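Engineer: Model the placement of chains R, C, Y, D and E on the given structure of chain S, informed by the hints.
Protein chains: 6
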Amino acid sequence: MRHDSRQNDQLRPIKVQRRYTKATPGSILISAGDTVVLCTASLEDSVPPWKKYDETPSGWVTAEYNMLPGSTSPRKRRKPDGRSSEIQRLIGRSLRAVVDFAALGPRTITVDCDVLQADGGTRTLSITGGFLALLDTVLAIPETCQLAEGEIFDPKKVFSDSVAAVSVGVVSGEPVLDLDYIEDSTAGVDMNVVMTGSSDFVEVQGTAEGQTFNRGMLDAQLELATLGIKQLTKIQRECFGADWPL
Amino acid sequence: MRHDSRQNDQLRPIKVQRRYTKATPGSILISAGDTVVLCTASLEDSVPPWKKYDETPSGWVTAEYNMLPGSTSPRKRRKPDGRSSEIQRLIGRSLRAVVDFAALGPRTITVDCDVLQADGGTRTLSITGGFLALLDTVLAIPETCQLAEGEIFDPKKVFSDSVAAVSVGVVSGEPVLDLDYIEDSTAGVDMNVVMTGSSDFVEVQGTAEGQTFNRGMLDAQLELATLGIKQLTKIQRECFGADWPL
Amino acid sequence: MRHDSRQNDQLRPIKVQRRYTKATPGSILISAGDTVVLCTASLEDSVPPWKKYDETPSGWVTAEYNMLPGSTSPRKRRKPDGRSSEIQRLIGRSLRAVVDFAALGPRTITVDCDVLQADGGTRTLSITGGFLALLDTVLAIPETCQLAEGEIFDPKKVFSDSVAAVSVGVVSGEPVLDLDYIEDSTAGVDMNVVMTGSSDFVEVQGTAEGQTFNRGMLDAQLELATLGIKQLTKIQRECFGADWPL
Amino acid sequence: MRHDSRQNDQLRPIKVQRRYTKATPGSILISAGDTVVLCTASLEDSVPPWKKYDETPSGWVTAEYNMLPGSTSPRKRRKPDGRSSEIQRLIGRSLRAVVDFAALGPRTITVDCDVLQADGGTRTLSITGGFLALLDTVLAIPETCQLAEGEIFDPKKVFSDSVAAVSVGVVSGEPVLDLDYIEDSTAGVDMNVVMTGSSDFVEVQGTAEGQTFNRGMLDAQLELATLGIKQLTKIQRECFGADWPL
Amino acid sequence: MRHDSRQNDQLRPIKVQRRYTKATPGSILISAGDTVVLCTASLEDSVPPWKKYDETPSGWVTAEYNMLPGSTSPRKRRKPDGRSSEIQRLIGRSLRAVVDFAALGPRTITVDCDVLQADGGTRTLSITGGFLALLDTVLAIPETCQLAEGEIFDPKKVFSDSVAAVSVGVVSGEPVLDLDYIEDSTAGVDMNVVMTGSSDFVEVQGTAEGQTFNRGMLDAQLELATLGIKQLTKIQRECFGADWPL
Amino acid sequence: MRHDSRQNDQLRPIKVQRRYTKATPGSILISAGDTVVLCTASLEDSVPPWKKYDETPSGWVTAEYNMLPGSTSPRKRRKPDGRSSEIQRLIGRSLRAVVDFAALGPRTITVDCDVLQADGGTRTLSITGGFLALLDTVLAIPETCQLAEGEIFDPKKVFSDSVAAVSVGVVSGEPVLDLDYIEDSTAGVDMNVVMTGSSDFVEVQGTAEGQTFNRGMLDAQLELATLGIKQLTKIQRECFGADWPL
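Residue numbers (UniProt numbering), protein chains in the order written: chain S, 1 to 246; chain R, 1 to 246; chain C, 1 to 246; chain Y, 1 to 246; chain D, 1 to 246; chain E, 1 to 246.
Next up, chain S with everything else stripped away, as it sits in the complex:
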């Protein structure tokens, strides 16, 4: 039994609050147990320099990740580190995997994932919540942006699928889903899996912490991840209700 009485294949309680703040078109406060992330998505009517001279105008999606100093104990110092940079690259890649940049048009969306409280799984929760912030921002484009002449913007065409992420790992020799901080600290293997709503893989990142793992254990973890992502996708869909475009 896990230290918090969960089953091995059980997620922590997930809560999602849509439109948490107003300054950005997308603003999602998402929590999994005690891990809390504020995901906001800002929209700019321009594209990065390296896209400026493309013949067909197309957009871009980028992400930033940060832990607030008070999100953890001992306090985390406020300065960019390699870990954060690696995580935000992962979030960005994951979100871009389901976006059609031509359909997005010449716009840049920046998804900011700021961790208010960290209890394990901050990067995967950032992806799950970040996708929702991104989605709300795309839905807001028709009202907030000046469309190009002749442009018919269809939010449904921007996304090929939804995306969500979850961690799995091996704790006390058993594969478990959605590790919290205590489990993460003692896990022999730590794996982050990013999948689409249709259960295809976007990213698989498995790391042995001071040990190694065989093929059977890899497969067991991938099963758990697939189960977890199905539930997260359902939660995402319910949160948006009729607004869900997919």
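Worth flagging that the hints you see were computed from the coordinates, not collected in a lab. A couple of the hints might just be wrong.
To be verified - Chain D is faced by these chain E residues, among others (derived, beta-carbon under 7 angstroms):
1) Lys79
2) Pro80
3) Gly82
4) Ser84
5) Ser85
6) Ala97
7) Asp100
8) Glu174
9) Thr196
10) Asp200
11) Phe201
12) Val202
13) Phe213
14) Asn214
What the hints assert, rightly or not - Here are the computed lysine-lysine pairs in the BS3-like style, where the Cα-Cα straight-line distance is at most 25 angstroms:
15) R:Lys51 x E:Lys52
16) D:Lys156 x D:Lys22
17) R:Lys79 x Y:Lys79
18) D:Lys22 x Y:Lys76
19) C:Lys76 x R:Lys51
20) E:Lys156 x E:Lys230
21) S:Lys156 x S:Lys51
22) R:Lys76 x S:Lys51
23) E:Lys52 x E:Lys157
24) Y:Lys79 x C:Lys79
25) E:Lys22 x E:Lys156
26) R:Lys79 x R:Lys234
27) C:Lys234 x C:Lys156
28) Y:Lys79 x D:Lys22
29) R:Lys79 x S:Lys22
30) C:Lys51 x C:Lys156
31) Y:Lys79 x E:Lys79
32) C:Lys15 x C:Lys234
33) E:Lys79 x R:Lys79
Remember, it's a predicted structure, so these values are computed and weren't measured experimentally. Beta carbons are placed, not taken as given, at the ideal position from N, Cα and C, and that holds for glycine.
Structural biologist: Okay, now just chains R, C, Y, D and E, sitting in the frame of chain S:
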């Protein structure tokens, strides 16, 4: 009449949520209208290098201030700037003005003020909320810290007074209390006033924006600020109820 | 009596040397007792990026502040710090408060205040001297700049007023004018006041150092500051004689 | 058929030159086709600050990764970037997975992987070559270090296994082994697999580039990676001959 | 006799490998004894900003110098330092002294000198090898660049002369040529001399290390340097054979 | 004839003001024509980390060089650059060449050379003035420092000689002494020579600017430099009068 129908001497609605997150002993989510700041206070059982060799051990309080990228539109880039550095120095000085460092003992408290949504008055709200986070952290010392041999820690002795802050300014030629962003943008004078619960001054910072102001207008603003601080002190006190040590 | 035998309302001896160096159109060496600041003002025939596309071309004034390593003991390390950044923002705001940017035309003036010797009051002396360097630079525009077609440049129209600054504070319980380093170190309140030649306020920054102050003490300090600024304005005017445009 | 006529399961030609330079105890020049990496390993008789006060002294292994400016066209600018930081964290984790820090003793080994020429697969080749540089450095400890009193240093005990890495991916819909730059640019999925000499996993990092992949395709790639690692392990072993301690 | 049995006027064995890597048109691996430098030269079809608006288009040559961490013991940390910056300025000036920028046309060549192993004389060897990398890059222009309309590019016209460099110094009171690290550490005077193939001076940099030197000793060293440069020029010429354009 | 009517072997007028500011024991304002440098020297009763564990305690001398933004036109931006770093290394080496660190005792002296106005020759003037600031600081040690038990501090023993520097160059084909900015801009060769009061060399740095120079021209410049240093040494000596310890 002001654009949001407030009286000139009226604060925006203030909400305070104590113990918003759990990773730090002090965690206050405070809002004034649409301005929302998360104030957390972390405790370290050590002192800055320049205090290490003091004969009588005494503590320190420092503050950091940051706006989340999605707290404003257009998005604020994530990097330290002169304005943030200036603001966090103000917050730190304001909090330290009411702290007795000998009574605090050899401990360092860092108050982090992270702006989740910015609609004017972020620095003054950070002081008002930051004091509460600091207070909760000091109250937690007896339970969370190893006291020195013979040390009797009394939270009441750490504070000489409470502290709160508010902005005042001159908008359309009239002095007004607690400016929001729209007022701030058009204000001819912008003033931040930090005062104690006993109505003494801690800091007065008044800036003419592209104009100047005479002595009469200065006095009118100071009256408004004094009124505002009285109300904020009352809210601080009510939020802590029987825990209020002063 | 003050440690250097001054009256409470007495400035230190002020000396101003105009055209101290030749590389910049404005170059003022100013001292107040042992505090010595070199203020130079450089002129550029262009404007900051965010002003480039304004319909009516208008200029900008910015300031930088720095203490030379040997200006103080122990030696100050050569690197930007929060305090310097805060001070140069104050100097810039103070100078801009009396400048008409449309009359200045599409030009940028950078006022550099480099402290050669620091004995208290460096930021206020930088404003008092920096205004003179700025003035000389504006006076030099007709000779040194290519005017736009049809432009009639009138230095008198660039300035709405003159500006000067002085510190006041509370030392041994008494309000005093123009604190030197020894007084500054023991002052209970430290206040910097920036005013125009017509005795209007531009900035008021009062800070209690580990204590607080009541309204009566605030008023007493503002009186002293008003007196001090009047004398400084007279010295500024005498230094420029017939060149004084206001 | 692949653009360079290789079979889907065929590595590029691998060359390893041991003791390429003399300044460090480990120095390996390794190439896979046109990708060339110089791996050196430096030894320090001390440990990181956070290990200093451990009761049982134990060592540390860290890695740095860098591409020389002329290793690629267009020239790569000389400055740390997020990608390099992410890669060197991967290399460090991979090497540490097979090291017993207690057996290593209180020593720090830094493995530097400098890419002289980049044609795809630089991070995996850095791991394969970096392990050899690390191995040579550990073998040199008895001669080059002052052993602690009573310490019997046994290089065989430092390593639980060998480690090597290879990339796999999906190109034109087919899973292929050891992608060069041309293949990497067009790959739909890019996967880096780090395994031990005994075919256990250390890291699995799979990324869909602008698409997604299903479970079958994941499995096919893992098969290829396992095959490739077996060959790389054989090459590592042959390079060290009788010196191979495992 | 010198510690490695060389005569005072004898160079270390020099080896040059042309076209060591393929990513850049110029790639020279050069060694003098145990000092090994990889010099690559990259070509860009553009010029620095300050050359963009010149009437007659002309090119630029710049250099960067870096020591790999493993090139020396103890390991050199990876970060720019004053010494490297000074050396790369010297390399750049030395190469530019023999280049006709008008003949080069609107192109920028960056010569990167990365030290793989350091045993004294890295900066002079970087100049000697860097010139060859530069030469190969200029020779490649006709094939790799789009020539301007009517442009007839003649590599011979780009160079007024060849350039090479060598160190001299005073060791145990005697002037010696081409110091290795051991000699460099004990040298009383250390001098770097850059000369053309025609024996004219480009740079002379002599430094007394904790002592001084008289005119006679200066002259003796300049003689040795002149001899050494003649030999290095011969080696440069032989390496290029019929390709040598001068 | 030179553009300012000087003879080829004539220095610009040199002025030296001793004890210009009071915060540091050494403070020299030195000018050569329109080049003005403020040299201050600060004293610390400690030594750099790498000297801390030496058996015989000995001191250190270091230098920093900086141009004020207003010292030149167009304005120089305030940020460290390669040129400044190279110059301050030269100044430090030059001063250290005549200092006996054992006689100095465990103290660090930092010589700051801040250029108030730049008209050519700032680095050489910094050395000439910096030596005087260093000298005054050493003379002040007996009064300002706590001597070690049994220490007899003798300023005369700290210096083996005096040091001064001057530039020479080739302008319009003729060798000239002490170039100002106009000459420097058109010089074909630019040479900085640092010599002792006894006419021995400390540093020789000659650079051909876009051309080369032969041995005869090198010798002619060295003659001029020797003459110039003799005069500068005389001025240094006169400035200190009876305080001159050598």
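Engineer: Restraint: Lys79 of chain E near chain D, CB-CB cut 7 angstroms. Satisfied or not?
Structural biologist: violated, 13 angstroms
Engineer: Is Lys156 of chain E within 25 angstroms of Lys230 of chain E, Cα to Cα?
Structural biologist: This hinted pair holds, its Cα atoms lying about 21 angstroms apart.
Engineer: Do the numbers back the hint for Val202 of chain E, that is, is its least Cβ distance to chain D under 7 angstroms?
Structural biologist: With a closest approach of 5 angstroms, the Val202 of chain E hint holds.
Engineer: Can we keep the Thr196 of chain E interface hint, with Cβ of chain D closer than 7 angstroms?
Structural biologist: holds, 5 angstroms
Engineer: Measure nothing beyond the straight line between the CA atoms of Lys51 of chain R and Lys52 of chain E; if it is 25 angstroms or shorter, mark the hint as holding.
Structural biologist: holds, 23 angstroms
Engineer: For the pair supplied as a hint, Lys79 of chain Y and Lys22 of chain D, is the alpha-carbon distance within the 25 angstroms limit?
Structural biologist: holds, 22 angstroms
Engineer: Need the status of pair Lys76 of chain C, Lys51 of chain R: alpha-carbon distance at most 25 angstroms?
Structural biologist: holds, 20 angstroms
Engineer: Does the closest beta carbon of chain D sit nearer than 7 angstroms to the beta carbon of Asn214 of chain E?
Structural biologist: Status holds, d = 5 angstroms.
Engineer: Quickly compare the C-alpha distance for Lys234 of chain C and Lys156 of chain C to 25 angstroms and report which way the hint goes.
Structural biologist: holds, 18 angstroms
Engineer: With a cut-off of 25 angstroms on the C-alpha distance, tell me whether Lys79 of chain R and Lys22 of chain S pass.
Structural biologist: holds, 22 angstroms
Engineer: Below or equal to 25 angstroms on CA atoms is what counts here, so check Lys79 of chain Y against Lys79 of chain C.
Structural biologist: holds, 22 angstroms
Engineer: So, as I understand it, the hint says Asp200 of chain E touches chain D; can you test that by seeing if any CB pair is closer than 7 angstroms?
Structural biologist: Cβ of Asp200 of chain E sits 4 angstroms from chain D, so the hint holds.
Checked against the numbered hints given earlier, this structure breaks hints 1, 2, 4, 7, 8 and 26; the rest are met.
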